[in-house]
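Could you build the full structure based on these sequences and the hints that come with them?
2 protein chains.
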Amino acid sequence: MNREPQVFGRVLSSMCTKPHPEAREAAQRFLADNPGDPTTYPAVAELERKAVETLGEITGLADPEGYVASGGTEANLQAVRAARNLSDSADPNVVAPESAHFSFQKAADVLDVDLRLAPVDDDRRADPAAVRRLADEDTALVVGVAGTTEYGRVDPIPELAEVAQAVDALLHVDAAWGGFVLPFADWEWNFDHAPVDTMTIDPHKMGRAPIPAGGFLARDETVLDALVVDTPYLESTSQATLTGTRSGAGVAGAHAALSALWPEGYRENYDRGQANAEWLAEALDSRGYEVVEPVLPIVGAGELRVVCMPHVTREMLEEFVADLDSL
Amino acid sequence: MNREPQVFGRVLSSMCTKPHPEAREAAQRFLADNPGDPTTYPAVAELERKAVETLGEITGLADPEGYVASGGTEANLQAVRAARNLSDSADPNVVAPESAHFSFQKAADVLDVDLRLAPVDDDRRADPAAVRRLADEDTALVVGVAGTTEYGRVDPIPELAEVAQAVDALLHVDAAWGGFVLPFADWEWNFDHAPVDTMTIDPHKMGRAPIPAGGFLARDETVLDALVVDTPYLESTSQATLTGTRSGAGVAGAHAALSALWPEGYRENYDRGQANAEWLAEALDSRGYEVVEPVLPIVGAGELRVVCMPHVTREMLEEFVADLDSL
Chain Y
60 MNREPQVFGR VLSSMCTKPH PEAREAAQRF LADNPGDPTT YPAVAELERK AVETLGEITG
120 LADPEGYVAS GGTEANLQAV RAARNLSDSA DPNVVAPESA HFSFQKAADV LDVDLRLAPV
180 DDDRRADPAA VRRLADEDTA LVVGVAGTTE YGRVDPIPEL AEVAQAVDAL LHVDAAWGGF
240 VLPFADWEWN FDHAPVDTMT IDPHKMGRAP IPAGGFLARD ETVLDALVVD TPYLESTSQA
300 TLTGTRSGAG VAGAHAALSA LWPEGYRENY DRGQANAEWL AEALDSRGYE VVEPVLPIVG
360 AGELRVVCMP HVTREMLEEF VADLDSL
Chain X
60 MNREPQVFGR VLSSMCTKPH PEAREAAQRF LADNPGDPTT YPAVAELERK AVETLGEITG
120 LADPEGYVAS GGTEANLQAV RAARNLSDSA DPNVVAPESA HFSFQKAADV LDVDLRLAPV
180 DDDRRADPAA VRRLADEDTA LVVGVAGTTE YGRVDPIPEL AEVAQAVDAL LHVDAAWGGF
240 VLPFADWEWN FDHAPVDTMT IDPHKMGRAP IPAGGFLARD ETVLDALVVD TPYLESTSQA
300 TLTGTRSGAG VAGAHAALSA LWPEGYRENY DRGQANAEWL AEALDSRGYE VVEPVLPIVG
360 AGELRVVCMP HVTREMLEEF VADLDSL
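Those protein sequence lines, which keep their order, are chains Y and X. Position one of the first sequence corresponds to residue 60 (my numbering), numbered consecutively onward. Position one of the second sequence corresponds to residue 60 (my numbering), numbered consecutively onward.
Treat the hints as calculated values from the structure; they're not laboratory data. Be careful, since some hints might not be right.
[What the hints assert, rightly or not] Listed below are the simulated BS3-like cross-link pairs for lysine-lysine, each with C-alpha atoms no more than 27 Å apart in a straight line: (1) X/LYS77 to Y/LYS109; (2) X/LYS109 to Y/LYS77; (3) Y/LYS77 to Y/LYS109; (4) X/LYS77 to X/LYS109; (5) X/LYS109 to Y/LYS109.
[Stated by the list, open to error] Which bits of chain Y does chain X cover? Going by a derived footprint, with three or more residues having C-beta under 8 Å, they are: (6) 65 to 75; (7) 100 to 112; (8) 164 to 171; (9) 299 to 308; (10) 313 to 320; (11) 334 to 343.
Nothing here was measured: the structure is a model prediction, and the numbers come from that model. Backbone N, C-alpha and C fix where the C-beta goes; we use that ideal spot for every residue, glycine too.
Right, dumping it as structure tokens:
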């Protein structure tokens, strides 16, 4: 039986990657710290505040509220939970494009809200008119995706914001994977581009932090307040996170990755990943595959999906294409 | 600003501890693996299966269903979620003793179920008659705690199982902290002692695994089935965990700690922790504090609470008592 960690030399479809060396080192040092208990573990709590500040910079938000979550599923679930808790409706619903990550299905089950999935347009992006048709006075949240899981599509966030405002709902942007490449591409997707209320942006995907390091951001503290549960503890009397004890490795790793890579290192990751994606798309196209144009570093072609993460080299892609040729 | 991880030499009230050296080493190696994607990361998925098997041994369950969760909050939430999803009631409720961990409050908010808290008896244990008075045909879950957060109390699990059966509810035991000391103490608390349906037992507390390593166990696969959400992936088509991407460090660390310590290492931890707790209780009592007798390695006295975790030495407790004397 194989008892070794995964070697990334053949991993072409994961949204996780090899952590940055400084992030790995920081994670190892803080393995036993619990940012969920900031009184006992103040150093890691301070690293979390700094990480959230930098995530705000990346997403165009000057005074971000939020925290380093266990991952994108938690962050998406918390966005739905806050919207549900803030909604006046007795039977709140969420409207998302059908390209949304399946964590919204999970959130709908956990939180007992109705999830309405709107068809996407010909380029696989959310169709604001279709979203509008499904939204009504019971809609608590409209979801847009900035970098879809399957094809890396960026939904028209400003138009979705208009839909959300029309029905008095919050707007959540899921940039779990896309958030670390979009600052270098030409899309309107962040808090500064539109009245976005909450966002998911995961350092442990394109951010090169070790697992578990998701990011949940909110423009207003009312959103965090809607998540708060009282604790029986003397020094920290409330908690807005979904989990209790949390990973110091994730928080310290995220902080170290952000410090080492924002912005120039992430720009290089994006440039290299995008060039690799375009090279692969061309190689597949010339072999007769139906390739979806990679607007971000993901190449989809039929059942194939290659995510051009930082560990994916041109050599790996050349081998992959050679393997296809030999089939 | 302090940028160093917490040193455990003065930590007396945390339920986390210094990981076992082998657990730390395994966690560091598997930092970039994702047990949430068993097809891409098969080795860590196999470590998780073995860890769950050992957790079953510790809790008296021959063929355990379950997984390594992010922590006790997730495990408790999943127990409530499964019970809610399996319930016929349109308005399900959960009945727990008022000594239950505040994660049940969080679960009630997230899952939109009614949480009914029953008063405890004079020894701070759940009172089955009081629990029975709050339970009704809408009760989906009865909760018992095996090692309470404040005083280490073990609820009368077999009697709570009778209450659960009387109202056709599931029974959950929260042994998040207590599960690694109770095998060596004389209580009826586990799957073999009573018809317990689900249990929380956290390797990252008394189990000496690094964070994040909680444990969620179920007797029947119907419970896991009630948590399943379909995924769009080719090879693993469903997911019962609350989070999506999960920590390889937590899983590999838990597996390594369990392999190194079960049963003899955990017995030594218990013996030393219990002896320390009794020594401290006596020292505080002789100084006039109102001490609650430590039935497990936690000492409560008024606002004071000392958790005799594996990193807590007699010398630390002597210094603590000397500090109290000098106040």
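Results for each hint:
no., hint, result
1, X/LYS77 to Y/LYS109, "holds, 25 Å"
2, X/LYS109 to Y/LYS77, "holds, 25 Å"
3, Y/LYS77 to Y/LYS109, "holds, 23 Å"
4, X/LYS77 to X/LYS109, "holds, 23 Å"
5, X/LYS109 to Y/LYS109, "violated, 38 Å"
6, 65 to 75, "holds (count 7)"
7, 100 to 112, "holds (count 6)"
8, 164 to 171, "holds (count 6)"
9, 299 to 308, "holds (count 8)"
10, 313 to 320, "violated (count 0)"
11, 334 to 343, "violated (count 0)"
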